[in-house]
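These protein sequence lines are chains A and B, in that order.
Counting with our numbering, you get residues 1 to 115 for the letters of the first sequence.
Counting with our numbering, you get residues 1 to 115 for the letters of the second sequence.
Hints may be right or wrong, so weigh each one.
Claimed, not checked - If you only want the chain B side, here are some residues facing chain A, beta carbon under 8 Å, derived:
1) Leu107
2) Gly108
3) Thr109
4) Ala112
Stated by the list, open to error - Lysine-lysine pairs mimicking BS3-like chemistry, simulated, CA-CA at most 30 Å apart:
5) Lys68(B) x Lys49(B)
6) Lys49(B) x Lys69(B)
7) Lys57(A) x Lys9(A)
8) Lys103(A) x Lys68(B)
9) Lys103(A) x Lys9(A)
10) Lys57(A) x Lys49(B)
11) Lys58(B) x Lys68(B)
12) Lys103(A) x Lys49(B)
13) Lys58(B) x Lys103(A)
14) Lys58(B) x Lys69(B)
15) Lys69(B) x Lys103(A)
16) Lys69(B) x Lys9(A)
17) Lys9(A) x Lys68(B)
18) Lys57(A) x Lys103(A)
Don't read these hints as lab results, they were simulated from the structure.
Just so it is clear, CB atoms sit at the ideal spot from N, CA and C, and this is done for glycine as well.
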Amino acid sequence: DSGVTQTPKHLITATGQRVTLRCSPRSGDLSVYWYQQSLDQGLQFLIQYYNGEERAKGNILERFSAQQFPDLHSELNLSSLELGDSALYFCASSNGYLSTNEKLFFGSGTQLSVL
Amino acid sequence: AQSVTQLGSHVSVSEGALVLLRCNYSSSVPPYLFWYVQYPNQGLQLLLKYTSAATLVKGINGFEAEFKKSETSFHLTKPSAHMSDAAEYFCAVSAGAGNNRKLIWGLGTSLAVNP
Numbered sequence: 001d002s003g004v005t006q007t008p009k010h011l012i013t014a015t016g017q018r019v020t021l022r023c024s025p026r027s028g029d030l031s032v033y034w035y036q037q038s039l040d041q042g043l044q045f046l047i048q049y050y051n052g053e054e055r056a057k058g059n060i061l062e063r064f065s066a067q068q069f070p071d072l073h074s075e076l077n078l079s080s081l082e083l084g085d086s087a088l089y090f091c092a093s094s095n096g097y098l099s100t101n102e103k104l105f106f107g108s109g110t111q112l113s114v115l
Numbered sequence: 001a002q003s004v005t006q007l008g009s010h011v012s013v014s015e016g017a018l019v020l021l022r023c024n025y026s027s028s029v030p031p032y033l034f035w036y037v038q039y040p041n042q043g044l045q046l047l048l049k050y051t052s053a054a055t056l057v058k059g060i061n062g063f064e065a066e067f068k069k070s071e072t073s074f075h076l077t078k079p080s081a082h083m084s085d086a087a088e089y090f091c092a093v094s095a096g097a098g099n100n101r102k103l104i105w106g107l108g109t110s111l112a113v114n115p
């Protein structure tokens, strides 16, 4: 058990809809990272928050947004969903500010299926 | 631009045989290098990391990797494969400078272990 909790584990929705994925980081970790994993794109970094502030942005679409709350949990909002958004979405956490030589702890992911 | 290349998206070995998973990187600054493993239906977990202390890095579950600067490689090995090693393996490099350092991920190598 990594200590990172993601809910829900599975999500099935229709095109055009909006969903929210939730992540609770490991106790004491201040950084939260969101990743998208698909067969054709591999593991894609979306966004990182550190102690409530956006720290780094990756290949995140404008239809997607995220935030980190004062209690350090994070939510990833996906809107105007398309078939191609179907993927496994991972949250990871780490103690520090930079993901340089730090160990990332990953949650088990949310499997999103857009029909 | 920094990049990570994992040679072979699928590798199959017999139980007890040597495991060799290849990773080559490009980085304009001294890199930090990582191997993560993803077991079925789980999130990624750190196997080992190179942070310039020693070129041969030992990780969990009997895996090790050797940093070869001249070859820009960080291949993962294990002398004797076990059935439980069947998983997806990801190589990653910490790239960039200062606050722009990010983790760049390879596409992953799926390891199958045959009885």
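Results of checking the hints against the structure:
{"no.": "1", "hint": "Leu107", "result": "holds (4 Å)"}
{"no.": "2", "hint": "Gly108", "result": "holds (6 Å)"}
{"no.": "3", "hint": "Thr109", "result": "violated (11 Å)"}
{"no.": "4", "hint": "Ala112", "result": "violated (16 Å)"}
{"no.": "5", "hint": "Lys68(B) x Lys49(B)", "result": "holds (14 Å)"}
{"no.": "6", "hint": "Lys49(B) x Lys69(B)", "result": "holds (15 Å)"}
{"no.": "7", "hint": "Lys57(A) x Lys9(A)", "result": "holds (24 Å)"}
{"no.": "8", "hint": "Lys103(A) x Lys68(B)", "result": "holds (22 Å)"}
{"no.": "9", "hint": "Lys103(A) x Lys9(A)", "result": "holds (23 Å)"}
{"no.": "10", "hint": "Lys57(A) x Lys49(B)", "result": "holds (23 Å)"}
{"no.": "11", "hint": "Lys58(B) x Lys68(B)", "result": "holds (15 Å)"}
{"no.": "12", "hint": "Lys103(A) x Lys49(B)", "result": "holds (9 Å)"}
{"no.": "13", "hint": "Lys58(B) x Lys103(A)", "result": "holds (15 Å)"}
{"no.": "14", "hint": "Lys58(B) x Lys69(B)", "result": "holds (17 Å)"}
{"no.": "15", "hint": "Lys69(B) x Lys103(A)", "result": "holds (22 Å)"}
{"no.": "16", "hint": "Lys69(B) x Lys9(A)", "result": "violated (41 Å)"}
{"no.": "17", "hint": "Lys9(A) x Lys68(B)", "result": "violated (39 Å)"}
{"no.": "18", "hint": "Lys57(A) x Lys103(A)", "result": "holds (19 Å)"}
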